[in-house]
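With chain A held as given, fit chain B onto it using these hints.
Those protein sequence lines, which keep their order, are chains A and B.
Quick note: the first sequence, position 180, residue 180 per my numbering, numbers continuous.
Quick note: the second sequence, position 618, residue 1618 per my numbering, numbers continuous.
Among the hints, erroneous ones may be present.
[As the list claims (entries may be wrong)] Here chain B is said to cover these stretches of chain A; the calculated rule only asks that three of the stretch's residues, wherever they fall, bring their Cβ under 8 Å from a Cβ of chain B: (1) 108-121; (2) 240-248; (3) 269-282; (4) 311-320.
[What the hints assert, rightly or not] In silico DSSO-like links for lysine-lysine, alpha-carbon gap of 30 Å or less: (5) A:K260 <-> B:K1037; (6) B:K1224 <-> B:K1291; (7) B:K1051 <-> B:K1224; (8) B:K1608 <-> B:K1739; (9) B:K1142 <-> B:K1219; (10) A:K260 <-> B:K1608.
Source of the hints: derived by calculation from the structure; they are not laboratory data.
A virtual CB, placed ideally from N, CA and C, is assigned to each residue, including glycine.
Here's the letter readout for the chains.
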Amino acid sequence: MPHELEQLRDAALAEVNAASDEQALEAARVRYLGRAGSVSAWAERMKSLSKEEKPVVGKLLNEARTSVTAAIAERVERLRGEKEARELANIDISLPGTAAEAGSLHPLTQMLDRSISIFRRMGFALAEGPDVETEWHCFDALNTAPDHPARNEQDTFYLPDGRLLRTHTSTVQIRTMETAPPPIRIIAPGAAYRRDEVDATHSAQFHQIEGLYIDEKVSVADLKGTLEFFMRELFGAETQIRFRPHYFPFTEPSLEVDVKSKALRGGEQWLEMCGCGMVHPAVYEQVNRARGDNAYDPEKWSGFAFGLGMDRLAMILFGIPDIRYFAANDLRFLRQFA
Amino acid sequence: MKFSVNWLREFVELPASLDELAELLTMAGVEIEGVEKRGANFDNVVVAQIKASEQHPNADRLSVCQVDDGSGQARQIVCGAKNYKASDKVPLALPGAVLVGGLKIKPSKLRGVESQGMLCSPSELGLSEESDGLLILSPEAKIGAPIGSLFPEDTIFDVEITPNRGDLLSHFGLAREISALVGQPLRLPGAIMATGAVALQKGITISAPAECPFISFRKIDNVKIGPSPDWLRARIESMGIRSINNIVDISNFVMIELGQPTHAFDADKLKGALNVRLARDGEKFLALDGKTYALKTDDLVIADEERAVGIAGVMGGQETGVSESTKNILLEAAWFLPASVRRTARTLNLPSDASYRFERRVDPGMVLAASNRAAELMREIAGAIPAPEITTAGQLPSPPSDVSLRYEQVDDLIGVPVSPERVDETLRRFGLEQASAGAEQSSWRIPGHRFDLQRDVDLVEEILRVFGIANVPVRDRSRFTPESEADRVHDFESSLRAHLVGRGLNEVRTSKLISRKAIAREEAVELRNPLNEDHVALRRSFFSPLLDVLARNVLAGAQRVAIFELGRVFVPPGGNEERHLGIVLWGKLEPGAHWRSQDRALDYFDLKGVIESVMGPVTFKRTDQSDLVLATEIWSNEQRLGIAGQLGSAEMKAIGSTHAAWFAELNIAPQIHAAARPAFREVHRFPAVTRDIAMMVPENLAHEKIVATILTANEPLLASVELFDVFGGEQAKNFDAGKKSMAYALTYRDKTRTLTNEEITVVHAKIRERLQRELGVELRE
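Next up, chain B with everything else stripped away, as it sits in the complex:
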């Protein structure tokens, strides 16, 4: 919210330095987010009236004006603007003036015509960044008056007011806070706070007392609707509010000054007695913004005998609003239930300056004061005659309950001793009164505007704000904490990530929210209230997210995409959360040119190798899956962990790639605790001997089967079997059709002695023979 420093100054003496004030407020929890200088204070710039304007004889774009600068002598000015008419009042820079950017004004001749000064635009006076044409002043502006009197210098603070401090949403309220923080008295101009000789009388019905505890109306007759005087207009415009007419401007002014919204009805358009009630279901309401709203039964309205004339605390009605023809006014000032105003403003999506304040709880003490203040201003400015009495209904909410505070509690929570005297003094500054005092604790009466002070810790915060957090010492207190389940999960995932990165994969992190397009592919938990088509559901798997990343990188010209993501996916319908690992491999094994690069594409075995290296012993089984042309399941310990395979051609076409892409996704949860502790095995002391077997086999004979055949021999000396060569298919044109060559290295070893050549030869021959006999392979020498 914006605050004018000049306005604040009316209520409290401010520190000489505004930087100091901004720092003080920020460090007290009222954050100053921006500081802006305003106003136009220039010597030799005055209000002038254009008396006549003629075309420049030698220049199409220029005019020659005769102006009255209040000196009694007409002055001739050459002017390039077109947005004025004779009798308009405009700023005139006299010779000697220095404007924005150091522009010096002196008498001159423009295309042969003498000009004794310059008529100014808003930007030439620093009142706006850019402007088009002259600044047209109010007709009330006094000719010859210095321009600074119309646009006094001011500083505007942009302040973040936290939602618990509705009492700060006015200049008076912020000034009250400053007075407590700096220890300066608060000035209360009598005109504002005087409730005068106002008699209160009853005469309104409140049918919804919970939503509207209190309302007041004041009749104000004989108003003259017109433009606001310059000072009023300048004040509300400096707050970023557009000037409408004197009555509306006064209402806004009072809201910004005192924090209490008021609403002016055209009294002659109200029919019969007023009632504050809940709306009827579907009740139509034409609001001041020209739109019709359909109300619900929990919306609070002000109604006359025929219709709703205002949505309480949110917006008035168009039919009963103030217009140019309004003669008499009924001025409403009320205290509405914050939750009710909030609900209605939200459901109608109709936030207003008034609802913002009502939602955050207006000061009950200010309701009638604001009504009086507005009535007085209407008398002064609009020649109105306020009725001597205010009609009210209901009860203003009672002040907050007393809060008791143990002095020790202050020390404990802040972490440093604060003397009881200091505690008392601080609380008194904020307007709290000691209801009862004791050595260990005291009880405090809370002022009506501080509804946020409800319990002891709230008072501790007030003390901390004045004590200064910078003055609290720093303490270092550690505690021994056992490892948690989440620690184990984190460490497992970290090591998984490290392994994958070590194998050259890049970690990605995609959004857990996926697009409308993505959920066309697979069922997912959808959001009830998505904001746009990009985020409509929670990801069910890494398929779409990782494919999107692949597509984006292929489009960006990548040669190799080897990525993984580790994170949560959400299983429909309940959104059960699982931890998955997703992997995509695509493109060349070694991207880019390198003098020793291996030129081949990434394939299924690269994917399988990655999975085996991070998941330990897993097996792969063929399966069918619609999105994959080659699909395999990944199993470990009788559990299906996930799938691995090759993306279908439709996907690849969509990505725009001719390379094959490989995708895998696994549930890692079963592996988190499966990770076995390494167990020591005796290091072999005697040498091993390796013998090879090379064979021609039918193309459809699986490696798995060959190994199984070798192992079922149960030869105790055989320590390991490694496949070291496969040759077949297109590469092997001189082989018999349907054959491939496979070569294995068999390692023999005994734990207790060195083996002899003869005994290895015997065992090796037995295995060779078994392969021939059982698989019919053709052994090669």
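Excised from the complex, chain A in its bound form:
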């Protein structure tokens, strides 16, 4: 027959394991292990036991205490786990998340960044020049003399001091060559201005990326390689690209680039993307005269230049129907590009 203490221990363990919450468990703990608890009472009784009984009972008492304490700890753990599981199960995970509203980059910035990163992978460094320019940098140095049919002062904004707002970023070609000798491999993102009525496809101020590569024996083949790579990176590997002869005073031969791609308005038609060409020797001559040396010897160096309209690219790529969205900055528009 088990010792009375063993019976008490089993009763305590049963009660602990039956406790359904922490309150019931605490009550059980107090009842058995508390200062006045029935297990603790045996410790009192020990004093009056015989020498022979003492070690036996002491061992039993210890064992009872340890096992009940352990059972309580285990039970607490379990009850807490169960409670937590119940609480977690009750969380409505369909409630909306609480992330702070994100901001957004302007679509033109995104377009510029994307284009810049492609050119940087090809080894182009950035360059820049002022928006307010001299007539020389904007026209004369670019082989567009005052009586040139392509020089249209009517479409140019002038400042009272005779300077102007650059009509293209090609001015940065000149700015760069004035200060650095060849080879040159740069792109220049920036604003350009046109004195023209504003409508869905024209704005008074727009954005371009200018490119210039001057090195020994640069040819139309290099120009094609560079721009075809850019267009395919931007519009996808399937993009068709064609180069058409055109005319710009500062390049010869001059070309225009058209692309056709499923991603662009269904790929139904050729879309004009870019003007480009081989830098005209007259441009080198103007630059050399300004530099006072022959650093850009047309016999030694050749190069290509191009100009990409960022507004138009962004409109085509994002499907934006009207250029005026860009400067209006309606948040309902901007947040679409977050």
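Chain B only, in chain A's frame:
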């Protein structure tokens, strides 16, 4: 410019497929921007003459016409139009005809009256989109002739001619280009090019030989001014030019055919000898368009002994123009300096078809040919008697200089070898003649109409056009390029943008051109020639541009506007360019309904927090600024970067908002290079202990001062001080007036050991005591 395919065909055999021709031209740099089908070719539609017209007995709107269709038998047609009279000639669709939209014509009865066909409007024949009434044909039209003979089928190309190719601004010129591109011979009808038995004689003065190197006049007598024959009218109308009378139409026809403008004076209205001279300052000129122009001393005019009778290459005079009563003509054909014509046409804002061509340099070889062509046509069409001689003055410009070309240059620039034979063959196609030949290079004589071919690279382009750019291989050549200053600026700005977007701001990009209204607020660099009131100056700051964006979005119902712009502003008076960052915060911290949203408005500390997070250590000082009710300056390293503050109530009223709006603008240039490289610090190995201090302080005691007091104790164990609570003002009704509660967490740490409670208590007590002693604060437990 528009080109008629039928007209081109007169000069050169065209490829069978017009799509192919359009593609060929486009890929050769003559871009076809549009293709339009013209003409009315219908079976069973003929020219008929209305003999009589009566009111329909049963319908107010209808008439019953008797028409002559050339068959000899009168035909009865019921007609709804009103725009005709008896004897007019009109198109008649006979039974069996099928018109536009598949409309089948058959005999029928209309309100009881028999109709044996239909009289047609332009739109029913596909000649226009919409039309009102019948198409009234020329009185010369032959009764019974098929309508297709009056309106032959044609295709009109809309072609972009680049400004360097003035030689393509005529049908003959484009045909010449096509002949070179496709390798078909160019047909030169003798009637066009024959200079005939024309004797040249002198007898005109040119007082401005630089502006007018060459001019010619031909007397053409006994002209009968009248309407043009149908073929001529159809030709020039197909080019979008209105038919005026036979003489004016011939002049236009020749210009479109050969590219050389001519002008017909009424010879009997000219007084005395002619002189080509520069205008007198302020000289008045009544032009053909009925307007009077005040000329300047660099405008070139044709003058008789009394007055200017024409602005050279731009427009003739009204008083000496051809009119219905003109009997004798003096026909001018000249070669004017392109720059002179261009300048005058621009300054007078008087662009014309003639000036467009003169500006782009007409072919010197075509001047007299055009004069002859026009004279011949006037003889044929207007019964005129051209004088046997042409009077000329000056010299036609000499042909362009020879250009030499190294064959290797072609290979280098195109990037693929092209054989010298192929180079030679290509250049010959374009009418160049080899002046001297060599194994490595040859010299080329340039035809008079190709003034754009001035140097070797121009010849390379001709070769490339025929070689085909599609046949040039693609090369991939990269080069290692060191980072530039612009790269560093770009990367700095990109990271700034990323930070601001991460903090929930939306980037905007406003126009750098600002409105008249905006410059009323602050001085800005103004444009000399603005086009409208929206773009009159360069922005001086982001104040107006960003406020406009705010106003627009408030109007659109936004709950929160947190925006920034990064870009250039222009400092008057010189327009010096600076890089600025502009920020506007307005509205609720968290817009829209959310189950856990914090409902409070954005305020100064949100603005300050944004600036601190992207600009690093900056300090803020109070200042005064007219547009701001709360204005602070932003300083970094002894440099004033910009301002931050709250917009005044006037601004907010204009925007229509009751919320406060917060604006900041900083010059970011000093920060671009200030961005320090991160430096490693040892990670703390021993635990820190945090103790709080809460106190009641006077409302006007600044946080800055409290922190400074704590820090001046120079306690080595004190690692940081953080403000974690401020409570006061309206919220704290049970406080003494003029008091607020502030609570700080002070963190203690030692790099080399774990601190004991006792030593922290000593240090902490010293700091508490210092606060009490120096600031008189009331410490709370």
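Tested hints:
1. 108-121: holds (count 4)
2. 240-248: Since three or more residues must qualify, the claim that chain B covers the segment 240-248 of chain A holds, with 6 doing so at under 8 Å.
3. 269-282: holds (count 3)
4. 311-320: violated (count 0)
5. A:K260 <-> B:K1037: Roughly 26 Å between the alpha carbons, so the hint for K260 of chain A and K1037 of chain B holds.
6. B:K1224 <-> B:K1291: holds (27 Å)
7. B:K1051 <-> B:K1224: holds (29 Å)
8. B:K1608 <-> B:K1739: Holds: K1608 of chain B and K1739 of chain B sit about 25 Å apart, inside 30 Å.
9. B:K1142 <-> B:K1219: violated (33 Å)
10. A:K260 <-> B:K1608: Measuring from Cα to Cα gives roughly 48 Å; hence the hint is violated.
The earlier numbered hints that this structure contradicts are 4, 9, 10.
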